[in-house]
Amino acid sequence: MHIGFYAPFKPLAHPSPSGDLVIATGLHDYLQARGHRLSVLSTLRCRWIYWQPWRLAQAFSERLRLGRRLTRRPVDLWLTYHCYYKAPDLLGPAVTAKLDIPYLIFQGSYATKVRRKWLTRPGFELNRKALLAADMVLTNRRDDHVNLQRLLPEKRLGYIRPGIHPARFARDEEARREMRTAWQADGRPVILSAAMFRPDVKTEGLIRVIESCARLRDRGYDFLLVIAGEGRERKRLTNLAGNRLGKNVLLVGQVPRRQMARFYSGGDLFVFPGINESLGMVFLEAQSCRLPVVAFDNGGIPEVVMNGETGFLTPLFDQDAFDQAVATLLADKETRQRMGRRAAGYIREQHDLERNYRQLEKILDRVVAGHGQKR
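Just so we're aligned: 9 in our numbering is position 9 of the sequence shown, and the numbers increase by one with no gaps anywhere.
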C-alpha cells in the first residue's frame with residue numbers, strides 16, 4: 001500500500017526529541033518495514049498555527065501543492081499522526097476530500113473543555129473538522145478513545161496499545177557494569193531520571209525529583225541520582241542539583257535514543273513525575289530494562305505502568321507519597337528487583353510494538369476497501 005504520511009504537531013525530522021516523535025517514527029518505520037511505501041507529504045507544523053496568519057497562508061499553499069502532487073502521483077491512503085486542538089490537521093481534510101482519498105488519523109484527540117476558551121476555540125473547531133472528515137480515528141490512549149465516542153460512532157474508532165521494541169530495551173549486564181563504573185556508583189542504588197530541560201512541566205518534574213532525593217538523603221538514604229537530558233533550563237537544573245545533592249547527583253547530558261538502553265541498564269529504579277504526561281515513552285523503555293518506576297498517577301501513565309506491580313504511582317503533587325515510594329524502592333532491593341522483572345515481562349506481554357501494530361494493518365486495509373461507503 002502507498003501511504004501518505006503527515007505529522008502536523010512535529011515532523012519526523014524535527015531536531016527536538018520527544019515521546020511524540022518516538023511514536024510517530026515508530027509508526028512510520030513499522031509500516032515501512034512491513035513492505036508499505038510511505039511518502040512524507042508535508043513538513044508543515046501546525047502547532048498554534050491558527051494564531052499565526054502568515055502561516056495559515058502557507059497551509060493554503062501546501063493544500064494546493066499537495067493537490068497537484070497527489071493528482072500526478074496518488075496514494076492509497078492519507079495517514080495523519082497526532083491531530084488535536086493545539087496542532088489540528090489543516091491539510092488532510094481538504095486534500096483528501098478534493099481527491100477522494102481514504103483518510104485515517106492515528107492518535108486523534110477530542111477535548112471539549114477547550115471549546116470554552118477563546119485562545120483554544122479555533123483549534124477545537126479545526127480539530128473537530130478533521131476528526132469528522134476522517135474515515136477512521138485511532139488512539140493509543142483509552143481516555144482519548146472515550147472522549148472521541150462523543151463525536152464519532154464506534155465503528156470509526158479504534159484503540160491500539162502504545163508499544164516499543166522490547167529487544168532494543170533489554171537489560172545489558174555488561175553495559176550496566178560499564179555505566180556504573182563511569183558514574184562511580186560504588187555499590188549505591190542508582191536512581192535514573194530523563195527528560196528534556198524545557199521551561200515547562202518537564203523541568204518542573206526534574207526539580208521535584210531533585211528535591212525529593214535531597215529530602216531522602218537528609219533522612220539518611222544513600223544513592224546516586226543520574227539525570228539524562230538537555231535544554232534551555234540546564235543551568236538552572238545544574239545549579240539546583242549541585243546545591244541540593246552535591247556528590248549524590250550526575251547530569252550526563254542528552255543521551256541518543258539508540259544509547260538509552262545502556263543508560264537504563266546502569267540504574268536500579270526510574271523516577272519522574274510525568275506531570276500531564278500523555279503516555280511517557282520513557283516509562284515503557286525503563287520498565288523494559290527491568291527498572292521499577294515511580295511517577296504521578298495522572299495522564300496516560302496508568303496505561304503504561306502497573307501500580308504496585310511494576311512501580312508506584314502516587315497521587316498528583318503529593319510529594320510525601322512520592323518520597324515514600326522512592327524510599328521504599330531504595331530500601332528494599334528484593335522489592336525493586338521483583339518489580340523490575342515484572343516490569344520487563346509486562347512490556348513484552350502488553351506493549352510490544354510489533355504485536356500491537358499488527359491490527360493496524362488490518363484496519364488500514366479495511367479503511368481503503370470501505371472508503372466511499374455510507375458511514
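Please keep in mind that the hints were generated in silico from the structure rather than gathered at the bench. Among the hints, a few may not be true.
When the alpha-carbon atoms are kept at most 25 Å apart in a straight line, the in silico DSS-like pairs for lysine-lysine are as follows [unchecked claim]:
{"no.": "1", "residue 1": "K155", "residue 2": "K362"}
{"no.": "2", "residue 1": "K10", "residue 2": "K155"}
{"no.": "3", "residue 1": "K98", "residue 2": "K117"}
{"no.": "4", "residue 1": "K86", "residue 2": "K129"}
{"no.": "5", "residue 1": "K113", "residue 2": "K86"}
{"no.": "6", "residue 1": "K98", "residue 2": "K129"}
{"no.": "7", "residue 1": "K86", "residue 2": "K117"}
{"no.": "8", "residue 1": "K235", "residue 2": "K247"}
{"no.": "9", "residue 1": "K86", "residue 2": "K10"}
{"no.": "10", "residue 1": "K117", "residue 2": "K155"}
{"no.": "11", "residue 1": "K10", "residue 2": "K113"}
{"no.": "12", "residue 1": "K333", "residue 2": "K247"}
{"no.": "13", "residue 1": "K155", "residue 2": "K98"}
{"no.": "14", "residue 1": "K98", "residue 2": "K113"}
{"no.": "15", "residue 1": "K10", "residue 2": "K117"}
Quick caveat, the model's predicted, so the values are computed rather than measured.
query = Is it true that the CA of K98 sits at most 25 Å from the CA of K113?
reply = Roughly 31 Å between the alpha carbons, so the hint for K98 and K113 is violated.
Pair hint outcome, K113 versus K86 [Cα-Cα no greater than 25 Å] = Given that 25 Å is the threshold and the Cα spacing comes to 13 Å, the pair holds.
ask   = Is K86 within 25 Å of K117, Cα to Cα?
value = Between K86 and K117 the Cα gap is close to 13 Å, so the pair holds against 25 Å.
Q) Are K10 and K113 close enough, with their CA atoms no more than 25 Å apart? A) Answer holds: K10 to K113 is near 23 Å, not above 25 Å.
Query raised in the report: Straight-line Cα separation of K98 and K129 no greater than 25 Å?
Result: Roughly 15 Å separates the two Cα atoms, so the pair holds.
| request: Mind checking the alpha carbons of K98 and K117 for me, to see if they're no more than 25 Å apart? | output: violated, 32 Å
Check: Has the given pair, K10 with K155, been kept, meaning a C-alpha gap of at most 25 Å?
Finding: violated, 28 Å
Exercise. Given the hint that K86 pairs with K10, does the C-alpha gap stay at or below 25 Å?
Worked result: holds, 11 Å
Holds or violated: K86 to K129, with C-alpha atoms at most 25 Å apart:
The given pair, whose Cα atoms are some 14 Å apart, holds under the 25 Å limit.
- Given hint K247 paired with K333 - CA-CA distance at most 25 Å: holds, 22 Å
query = Taken at face value, is the distance from the CA of K362 to the CA of K155 at most 25 Å?
reply = holds, 14 Å
Would the pair K10 and K117 pass a check requiring their Cα atoms to be no farther apart than 25 Å?
holds, 24 Å
Hint violations for this structure: numbers 2, 3, 10 and 14, all remaining hints satisfied.
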